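K.L.:
Next come the chains, spelled out residue by residue.
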Amino acid sequence: MRKTTLFGSQTEIELAIKQRKQKGFVGQVIFIAATILAVLFLMLLLLSVLDSVFGYMVVRNEIEPSKFVPGTNFTQEFSREDLERVAEEHLSSGILRRVIHEKPISDRSDKDLIHIIDQYIIKPKVLRTWGLWDSVTKQEAIEAFVQENEGAQMVFRSWISPSFITSDQSADPLQAGIRTALLGSLWIILITFLVAFPIGVGAAIYLEEYAQDNRLNRILQLNIFNLSAVPSIIYGLLGLAVFVRAMEPITSGSMLLGFSDNTANGRTILSGGLTLALLVLPIIIINTQEALKAIPDSLRMSAFGVGATKWQTIWYHVLPASIDRILTGTILALSRALGETAPLVVIGASTFISVDPTGIFSKFTTLPIQIYQWSARPQGAYRNIAAAAIVSLLILLLVMNSAAIHMRNKITKKKRLL
Amino acid sequence: MANIRRKPTITSYVPGTILFLFALISIIITIGIAVILIRESYLFFNDPEVDLWGFLTGKQWQPMINKFGILPLLNATFTTSIIAMMLGIPVGLCVAVYLSEYASDKTRAILKPVLEVLAGIPTIVYGYFALTFMTPMLRGIFGEGVVEIYNTASAGLVIGILVLPMIATMAEDAIGSVPKELRLAAYALGGTKLETTFKVIIPAALSGLSATFLLSLSRAIGETMIVALAAGAGPKLTANPFEAAETITGYIVRISGGDVSYNSVDYNSIFALGLVLFVITFTLNLVSRKISQKFHQEYD
Chain A
1 MRKTTLFGSQ TEIELAIKQR KQKGFVGQVI FIAATILAVL FLMLLLLSVL
51 DSVFGYMVVR NEIEPSKFVP GTNFTQEFSR EDLERVAEEH LSSGILRRVI
101 HEKPISDRSD KDLIHIIDQY IIKPKVLRTW GLWDSVTKQE AIEAFVQENE
151 GAQMVFRSWI SPSFITSDQS ADPLQAGIRT ALLGSLWIIL ITFLVAFPIG
201 VGAAIYLEEY AQDNRLNRIL QLNIFNLSAV PSIIYGLLGL AVFVRAMEPI
251 TSGSMLLGFS DNTANGRTIL SGGLTLALLV LPIIIINTQE ALKAIPDSLR
301 MSAFGVGATK WQTIWYHVLP ASIDRILTGT ILALSRALGE TAPLVVIGAS
351 TFISVDPTGI FSKFTTLPIQ IYQWSARPQG AYRNIAAAAI VSLLILLLVM
401 NSAAIHMRNK ITKKKRLL
Chain B
1 MANIRRKPTI TSYVPGTILF LFALISIIIT IGIAVILIRE SYLFFNDPEV
51 DLWGFLTGKQ WQPMINKFGI LPLLNATFTT SIIAMMLGIP VGLCVAVYLS
101 EYASDKTRAI LKPVLEVLAG IPTIVYGYFA LTFMTPMLRG IFGEGVVEIY
151 NTASAGLVIG ILVLPMIATM AEDAIGSVPK ELRLAAYALG GTKLETTFKV
201 IIPAALSGLS ATFLLSLSRA IGETMIVALA AGAGPKLTAN PFEAAETITG
251 YIVRISGGDV SYNSVDYNSI FALGLVLFVI TFTLNLVSRK ISQKFHQEYD
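Note that the protein sequences, when read in sequence, are chains A and B. Residue numbers for the first sequence, in my numbering: 1 to 418. Residue numbers for the second sequence, in my numbering: 1 to 300.
This is chain A alone, in the form it adopts within the complex (with noise of 0.2 Å):
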């Protein structure tokens, strides 16, 4: 029996519905292809940057290490005896001096010399590089490249190293190493954490406990949600004109030390940090307002009720009670900072410096920095250390992050218990 309903026969009605599922299914699949995309477009930027960490690079040598130790290609395979032998005879005997007057040979270490022997006689030059995809399918043609260039030999060479964390900056990437620029990072960081730590907690501290819902304090927050999106590369012209410009004086060091590192110009460590503190101050405010607001109204009233003051409260009560979410939301700011380039690059850090950063008024660069520097240039092998860098600083940020992370944990955990 057909039955002709308000939406049409039985037929009709069981094709819509038909449709509609139809309709439906299409829709979850284009959402869970979405999905899919966005996790696929993480694992390319990590794939994309572990590719270029690994691989074949080919080299040629200006003279080759056999014709010193015979039966070598490289330096590394030489015994101690032949890299004294190799750098006392070899080396030029202005540059010979040079290195002696700085440490006697024989009292280097075998790292040492071999990188002095391979800066001064062997002098290796990257001619190409290849990622670790391409070393991998590629071999025929990487080989009939170094048929083409008489003399080169290829290397597989891992561009992440203790070497490489370990050594200053240089202009040749096979010696270049991020030693300098983690060292400004971490400086920077300290100051950041230094100054944003405590004006942001102390600032949220009075907007969730004091403030009372008037107009000031409704603009004070409106104010610090802005501030939280405000573009960083802002903080960098602000940290410019007041930092670098206006209070030279104190940040290069001058007015407190009477001298200064004068070509620094107050493109110091103390300015960047303080640039950072307060690109990040606002996170740190808005971190600790959720922190606070987390600690239930029990607890603040029953500290009133033995008759606590409010700073008693807060300081005894409130503040131990939070202090594992608030430390957990500034390790994420901080590791926001750890990233920033922008406002760094416009206060105008170091392009290229090997000096370590000593104190407060050094001259610094960072990892970011560093990484910009080096992508920045066309030629392979700087890609390839800029990838390296990229690890580095991606594993900073992981260790940042996964002790965040515990810290997390142990809330959860405290929190069952109670």
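These are calculated hints, taken from the structure and not from any lab test. From a predicted model like this one, the values you see are computed outputs, not experimental measurements. Hints are supplied without guarantee of correctness; some may be wrong.
[Claimed, not checked] Using 20 Å as the maximum straight-line C-alpha spacing, the simulated EDC-like pairs for lysine to aspartate or glutamate come out as follows:
#1 A:Lys-293 to B:Asp-173
#2 A:Lys-23 to B:Asp-173
#3 B:Lys-290 to A:Asp-213
#4 A:Lys-23 to B:Glu-195
Please build the complex by placing chain B on the supplied structure of chain A, with the hints as guidance.
P.N.:
Just chain B now, kept in the frame of chain A:
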């Protein structure tokens, strides 16, 4: 009996006052930004070579020959941002819908951290990705003759990936805060999941979603390192996204990264550009904030 009701002493006001001063610092920062940008911009427009009208309508930005027209820079900024939005909004929205309407708790528990990781990666890494992956890929697809080594399309697409987790997270919040009753009512009327999502939930969450889109647009406009690495150096007025063109932020970074002498027109010009950038992003943020506040009032 001792009087246990002590009057508040002066010292009891000290912590509150100090903390208020800390909170006031945020206002000082905003005022500081405004004052500095306006002051230096004033110096810039005071320069005999520069006039405000030429700045706003000029089609050439070439400080060498005293041409200061912002249009090429603004054009590149909007090209990259619009490309970013074209990727970020649909994908981000789909991810948000999937997370809030379709995904099981288990899937969410895996996907949310992935988005957090994506959001936590420094922008300089995205810049590297644009330069070493996206650009070669675009050149592979469209041909090396069509796509330049530096181009706004590559930068824009990667900015889209950058803002994607932000859009997904905020949009999920907006969708999640739509009252459950609306959803259940739609199901009760026989709506499929897709119909409920598009005809009931998204319209209901529209103000929250528009706040999200405005904020991510502001983020895309202010993004610096990706365009500095991938979009190219040298302002150029072009509608072709496969050509190199410098954005406002890219120009500021390039000029300040070099040794620019204080009080030169070049130096002042970056502050004038900074002011334009600040006004655009601050307005977007403010509007976004207002919309989302109104949205929360609707359902609270």
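K.L.:
Flag every earlier hint the structure violates by its number, smallest first.
P.N.:
Hint 2 alone not satisfied by this model.
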